[in-house]
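Asker: Below are the chains, spelled out letter by letter.
2 protein chains.
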Amino acid sequence: MKRVFNFSAGPAMLPQSVLEQAQAEMLDWNGSGMSVMEMSHRGKEYMSIAAEAEADLREIMGIPANYKVLFLQGGASSQFAMIPQNLLRGKGTADYVDTGDWSAKAIKEAKRYGNVNVVATTKASNYTSVPAFDTWTCDANAAYLHYTPNETIRGVEFAWVPETGDVPLVADMSSTILSRPLDVSKFGLIYAGAQKNIGPAGLTIVIVRDDLIGETLPGTPTMFDYKIHSDNESMYNTPATYGWYLAGLVFKWIKQQGGLAGMATLNERKAQKLYTAIEASGGFYNSPVAADCRSWMNVPFTLANADLDKAFLSEAAQQGLTTLKGHRSVGGMRASIYNAMPEAGVDTLVSFMQDFAKKNG
Amino acid sequence: MKRVFNFSAGPAMLPQSVLEQAQAEMLDWNGSGMSVMEMSHRGKEYMSIAAEAEADLREIMGIPANYKVLFLQGGASSQFAMIPQNLLRGKGTADYVDTGDWSAKAIKEAKRYGNVNVVATTKASNYTSVPAFDTWTCDANAAYLHYTPNETIRGVEFAWVPETGDVPLVADMSSTILSRPLDVSKFGLIYAGAQKNIGPAGLTIVIVRDDLIGETLPGTPTMFDYKIHSDNESMYNTPATYGWYLAGLVFKWIKQQGGLAGMATLNERKAQKLYTAIEASGGFYNSPVAADCRSWMNVPFTLANADLDKAFLSEAAQQGLTTLKGHRSVGGMRASIYNAMPEAGVDTLVSFMQDFAKKNG
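In order, the protein sequences belong to chains A and B.
Residue numbering for the first sequence follows the numbering used here, starting at -19 and increasing by one per position.
Residue numbering for the second sequence follows the numbering used here, starting at -19 and increasing by one per position.
Just so you know, these hints were derived from the structure itself, not from any lab.
Treat identical chains as interchangeable: a pair holds within one or across any two.
No more than 30 Å apart at the CA atoms, straight line, and that leaves these computed lysine-lysine pairs for DSS-like: (1) LYS290 <-> LYS24; (2) LYS88 <-> LYS207; (3) LYS91 <-> LYS207; (4) LYS(-18) <-> LYS24; (5) LYS339 <-> LYS24; (6) LYS253 <-> LYS339; (7) LYS24 <-> LYS85; (8) LYS103 <-> LYS207; (9) LYS232 <-> LYS(-18); (10) LYS91 <-> LYS71; (11) LYS253 <-> LYS235.
Bear in mind the structure is a predicted one, so any value in this text is a computation, not a measurement.
Let's have the full structure, built from the sequences with the hints guiding it.
Answerer: Right, here's the structure in full:
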């Protein structure tokens, strides 16, 4: 069996022990004689798997009892509509922070449902920084404030949580959830596509304060109503059962790593190794992102000589370091180093980068 | 390893050879060093998996070139809204046939988006038959006609396809797709949740004639716009990659079984064995469904003495025959015998039913 260090931005690596357990249980989960994929979502076996996954997530993240945890489908892209459809609740305006491609997509979709007040944008400086909080033009009557704590494409991450007072804070955490401890009580709603730090693509987790749900815009599809899913324990219809099960295995793995505190220690160390290698390269490699908001999860970098990009990617792949090409809208390289990327993967990448620079510098 | 015959209505059994292949490839697909779950959906490995699955489905079903095949999320329940949102196209009314619980759900959701003309209903007779076509009060100007060729809960299946002329025919085939040959050109749109005859829950397949898409109702979420998904080859956002891959394995398996003609021969034989056992029981077992529309996929039946239900279920489970309890809204028993239920599973169930009747009759 071959395994590579896969730096994909998502879907991304999963912990090897999780894949091994899924492999072992593929035809017969726990003596049930069924694959988890084959189980009725309303049967006692699957209900126990689903409940345990939610309990573990609540424990890991310290989710307060007045927050619902929903296991949905449709990705963060569906949330871009669901959020205004559910959270505008008769208010005219929602605040949005524009820090990158994903923020911009959320804003574009929200504008179809209400007035969007863009409180700050870093678009003019090519989305390479986080706007200072004291520059934000917030609306005290906004239905909510939406931001993207980590921008997957450009590797810009907030090192702090905005204080929005009575305005519910809504966060697209697709590429940062579970990477470090978080005070969930500061948020009205957190959402995340699973395919980076949770499990396989096709599962979307929403954590929402229960007083915020129950009032949707006219025409909202029943399947886009948080209250429907909440009232039915995410089983209004058949959920993405196998993804939910795998997420549960990942949650157990996180507990084994020391929970979110353990993950944070590891993630910070991995990221620092990589940023240090970039900084120490004497300009051979460069980070386009401001130093105070460099992501722990997505590390974009460029080669000063872009003519070397192709050789870099090809030689890296030969060493089992794959999917390092930057997003098509940015170019250069991007190393996504989510929870499941082993530190050895980062070490191997750093060594390769040093060797490549020496050879081509 | 233990394996049971699982008669769940969905999620349901998958072919054992498909599970074995998925198991073997779990940590390393085809020497790539990655699980399929870990692959970027835009990488060459995954793109080849996705394209091959679509090509195989097109081949098996004989899908004409002017039909798009979409691999979506959200289940048939999301389609209940997507269909009117996309297919009303300025027309005031859509025709719906009401033959059971799933038809009724589709109707309820559609009413939120336009006028619904229920052309026929069998509700008064407890959804145990298919209404004769010459009784349908169709609207020649309807945007489309929606029906449910197989009602999963009550086991009522159309043995014929309605001829709706210029009115596009829309079918919820969640529990009958791929069970027998079909002339796709008779339909405007076919949709199916994967978790019965296609693959794992969380994947939804939509087959739609390309001239019908591109005009949505105001307020339709971007993710509910067929044209968006069609223009992006179902990769507008990250699809349910693992489910799509497994569906591809199931399509290969169907080809090995002789395609849909082979499946139909097997499915008809399996169903006939079971209905014959019910009919031959001298009233110990009863089918509530009219003889001309008994489903090949979902076989509900009752015991004349309902006091024996519990013993029936418990003794069946001891023989590895599981999930036979009828839907909570109907009671009694239901044996779902989709493509992947081996004939040996039906044979074992029939033997058990005969023994149980002899012992308790």
